Amino acid sequence: AQSVTQLGSHVSVSEGALVLLRCNYSSSVPPYLFWYVQYPNQGLQLLLKYTTGATLVKGINGFEAEFKKSETSFHLTKPSAHMSDAAEYFCAPKGGAQKLVFGQGTRLTINP
Amino acid sequence: EAEVAQSPRYKITEKSQAVAFWCDPISGHATLYWYRQILGQGPELLVQFQDESVVDDSQLPKDRFSAERLKGVDSTLKIQPAELGDSAMYLCASSRTSGSSYEQYFGPGTRLTVT
Chain A
163 AQSVTQLGSH VSVSEGALVL LRCNYSSSVP PYLFWYVQYP NQGLQLLLKY TTGATLVKGI
223 NGFEAEFKKS ETSFHLTKPS AHMSDAAEYF CAPKGGAQKL VFGQGTRLTI NP
Chain B
156 EAEVAQSPRY KITEKSQAVA FWCDPISGHA TLYWYRQILG QGPELLVQFQ DESVVDDSQL
216 PKDRFSAERL KGVDSTLKIQ PAELGDSAMY LCASSRTSGS SYEQYFGPGT RLTVT
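Those protein sequence lines, which keep their order, are chains A and B.
For any residue, its number in the numbering used here is found by taking its place in the first sequence, counting from 1, and adding 162.
For any residue, its number in the numbering used here is found by taking its place in the second sequence, counting from 1, and adding 155.
In short, the hints are calculated from the structure, not lab data.
All figures in this text were calculated on a predicted structure; none of them were measured in a lab.
Where is the CB? At the ideal position from N, CA and C, for every residue including glycine.
It cannot be assumed that every hint is accurate.
Said to hold, decoys possible - Just the calculated beta-carbon pair ranges, DEER-fashion:
1. 171(B) with 208(A): 45 to 55 Å
2. 233(A) with 210(B): 29 to 39 Å
3. 223(A) with 219(B): 32 to 42 Å
4. 219(B) with 176(A): 38 to 48 Å
5. 274(A) with 214(B): 19 to 29 Å
6. 218(B) with 165(A): 38 to 48 Å
7. 169(B) with 202(A): 21 to 31 Å
8. 194(B) with 241(A): 44 to 54 Å
9. 177(A) with 209(B): 29 to 39 Å
10. 202(A) with 252(B): 24 to 34 Å
11. 179(A) with 270(B): 37 to 47 Å
12. 169(B) with 216(A): 29 to 39 Å
When you get a sec, could you build the whole thing from the sequences and use the hints?
Written as structure tokens, this is what we have:
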């Protein structure tokens, strides 16, 4: 069964610094991979997704992620953090039929 | 842009009372999901519908939780009786089925507090 690990439940960076949120998944089967963002007391919003093709995927709000099959990773990055990026981020590989498996989440804090 | 609608946004109820949540998915989305999200954790799938049929309810506490999607469109999740441990965010999501990349679209959620 598919599983996912997000390293670091809490990441803190300064405004303007690089953001790196780590995600590793378990399945050796080529996956579909998603990153979602959740602001306080709101639902989840899709940031980006990898299905097939180019392994570097660009999403909304300046975020991007790279699928690395050899490392079973799908880390999320943003070159320059903004205060509005403060939120909870979830990595979610495809599980069974029409299912996503959500990680525990990483809370991103931006310091002024 | 079409969105998933949920109501209410917030609900406070006393232990042992009944509570119900409503979800209206994006038009044309055949698959509907109910998730429970405990504070500080990722969403946990409670039930998955394909049209009006339950596809997966293996994590639904069936002694107190029930879900229905009678006409294959909107859905209701019920808890009776509510327990203190049910306090959480309840999220509804929907997705297309055919030709899908498995992307799920989420509603704003219902924050339940059981006192």
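The hints, checked one at a time:
1. 171(B) with 208(A): 45 to 55 Å: Since the Cβ atoms of residue 171(B) and residue 208(A) sit about 38 Å apart, the hinted range of 45 to 55 Å is violated.
2. 233(A) with 210(B): 29 to 39 Å: Given a distance of about 32 Å, which is inside 29 to 39 Å, the answer is holds.
3. 223(A) with 219(B): 32 to 42 Å: holds, 39 Å
4. 219(B) with 176(A): 38 to 48 Å: Because 46 Å falls inside the window, the suggested range holds.
5. 274(A) with 214(B): 19 to 29 Å: Violated, at about 41 Å.
6. 218(B) with 165(A): 38 to 48 Å: 28 Å Cβ-Cβ, so the 38 to 48 Å window is violated.
7. 169(B) with 202(A): 21 to 31 Å: 25 Å Cβ-Cβ, so the 21 to 31 Å window holds.
8. 194(B) with 241(A): 44 to 54 Å: Between residue 194(B) and residue 241(A), where Cβ atoms are some 31 Å apart, the hint is violated.
9. 177(A) with 209(B): 29 to 39 Å: With Cβ atoms ~46 Å apart, the hint is violated.
10. 202(A) with 252(B): 24 to 34 Å: holds, 32 Å
11. 179(A) with 270(B): 37 to 47 Å: holds, 42 Å
12. 169(B) with 216(A): 29 to 39 Å: For residue 216(A) against residue 169(B), whose Cβ atoms are near 53 Å apart, the range 29 to 39 Å is violated.
When the structure is compared with the earlier hints, violations turn up for hints 1, 5, 6, 8, 9, 12 and for no others.
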